[in-house]
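**Student:** In the order they appear, the protein sequences are chains A and B.
To convert, note that position 187 of the first sequence is 187 in this note's numbering; the numbers rise steadily by one, no gaps.
Going from the second sequence to this note's numbering is simple: count from 1 and add 259.
Quick caveat, the hints were computed from the structure, so don't treat them as lab data.
Please note: incorrect hints may appear among the correct ones.
[To be verified] Below, in silico cross-link-like pairs of lysine-lysine (DSS-like), each with a Cα-Cα straight-line distance of 27 angstroms or less:
1. B/Lys516 <-> A/Lys26
2. B/Lys479 <-> A/Lys92
3. B/Lys387 <-> A/Lys26
4. B/Lys389 <-> A/Lys35
5. A/Lys26 <-> B/Lys396
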Amino acid sequence: MSSYISWVIKVSSLASQIGRSFAIAKKDMLIFYLKGPVVIMGLLFPLFLFIAFLIGRDLSHEYLFVALIAMTAFFTSTAVGPTIIPWEARSKTFERLISTPISITTVLLGDMQASFCFGLIITFAISLSSIFLHISLNLLIFIPAALLSLLTFSAMTILMSSYPPTDVPADVMMLSSLVKFTLLFVSGIFVPLDKLPGYARAITYISPLTYLVDALRYSTGLNGFIPLWIDFLALFIFGILFFALGVMVHKRVLEERFM
Amino acid sequence: MNVIEVEGLTKYYGNFLAVDHIDFEVKKGEIFGFLGPNGAGKTTTIRMLTGILRPSEGKIRIFDMNLREKMLDIKERMGIVPEMANPYIDLTALQNLMLVGRLYGMKKGEIKERCVELLRLFGLYEKKDKKVRSFSKGLKQRLSLAMALLPDPVLLFLDEPTSGLDVMSARLIKRVIREENRKGKTIFMSTHNMADANELCSRIAIINHGRLVAIDTPEKLKKIGERHTVIELSLEPFKFDAERITSADRIELLGDKVKIYTRDADSVIKEIVDYAKKEDLKILSLTTEKPSLEDVFVYLVGDKSE
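Excised from the complex, chain A in its bound form (with noise of 0.2 angstroms):
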């Protein structure tokens, strides 16, 4: 009987710090959303870095649109998570919000959800010119892997903003943009895995969004190089990942955001 009361108070407990996150996520919404560097990074840059992929290239339109896609998701979801603990830390908002009866691991899942939902309107929208390009997408596929590989961007976001323990923004930036540029060269946008060299294709498998790309050629009609049930596996585990280290990096050195 103990042990149930126990149980049903460790889920209730659950049930409200996850209602709390949502809280710190609303707050990050109205404040970071429309924030320079976020605009920067989550908005513009992937709009260029498309249109010079586009220029010049005779690509049909399926393959455009998962590299759009992909871009998108992967940009939109990573421009707000490593940002905000930095910039909390130095506008001395943090202290404030740590000593609430709220755990480390709420505050994190919270600035999650707000990357995440970033991503999702962004990359949802953008979705929509599968109507006008005369994609026939297929959507028990798209959606699944677009809302996983959010989670998992947004998950990635929390590790990368867990070191340096710094509060300059831009530290966490040129940081997480070097990351971003290199999972993002590897992962088959640019070329497809099929026309990889071995060695090459073994790099691209580090990269998430490797995954994602070879998902969306799936849910457009081209073949996939991956099994579709691996990408969704292997995008579910390094989101569990990236999550997981982030908050064990983030609470080693949270002390350290105070000398």
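Got chain A sorted already, so can you dock chain B onto it with the hints?
**Tutor:** Coordinates of chain B only, in the frame set by chain A:
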């Protein structure tokens, strides 16, 4: 009944010892002042008590629960105004308060009711929809205290609540602190403002170089200095050679005045008169008084730091 119990609390930052094995209790319903000069360990102690920093050694029990084990349960009943912690400047005053309410798991209706009550109490109601970016320091601090009071906590931590504020904001905040204490809240307040501590606190702990040097009621602390006399002296033209007053325990130059702490007022006054005569100086004023809380603080902290 004790609300806070601290035993052997210690904090190292690398090799630097910031808080050195301190012990104290805070009783239910008291305003406990935590005094010390800059860098004495006040904020580090508050950060450990509010769960932000992990102590290197020692125990903290709040509401008879171990802080590390029951962190969230304890925090549900605490309100905190951290030092230099700002409200979100890109949110309005109302949005800041709503956010806190949701972080404490309060119901929407309850939050709204409490927001209106606190916005009116702190004179912020007319500004509730303005972004905090446009607020003065005083208004930000009022909002900060309103945010801490929103969940109606039974224990309040205030880190330098009146530091650097305009007179009106400081008076308002002190009035609210007194009222909240009268309603039964226990308040742990750090400050280096002696007047505030004397006026508000039922007990005071003085910390210096990470160690507690005294802990008692303001009146009893003043008695520590009772055997001392403070002599304030003004000379014309102003010229003073501290080495000539050999019976002084401590001498401070304050603009065109000198403050002398001594256990032998008679000898010091004789030396002053002698010095003034020899140097042909006019004694403009010479007053003797018993030490204030500030004098006791300077005596306790100064002696240790020199």
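**Student:** Each hint: holds or not?
**Tutor:** Structure-based check of each hint:
no.: 1; hint: B/Lys516 <-> A/Lys26; in the structure: violated, 57 angstroms
no.: 2; hint: B/Lys479 <-> A/Lys92; in the structure: violated, 37 angstroms
no.: 3; hint: B/Lys387 <-> A/Lys26; in the structure: holds, 18 angstroms
no.: 4; hint: B/Lys389 <-> A/Lys35; in the structure: holds, 19 angstroms
no.: 5; hint: A/Lys26 <-> B/Lys396; in the structure: holds, 26 angstroms
Going through the hint list in order, the structure does not satisfy hints 1, 2.
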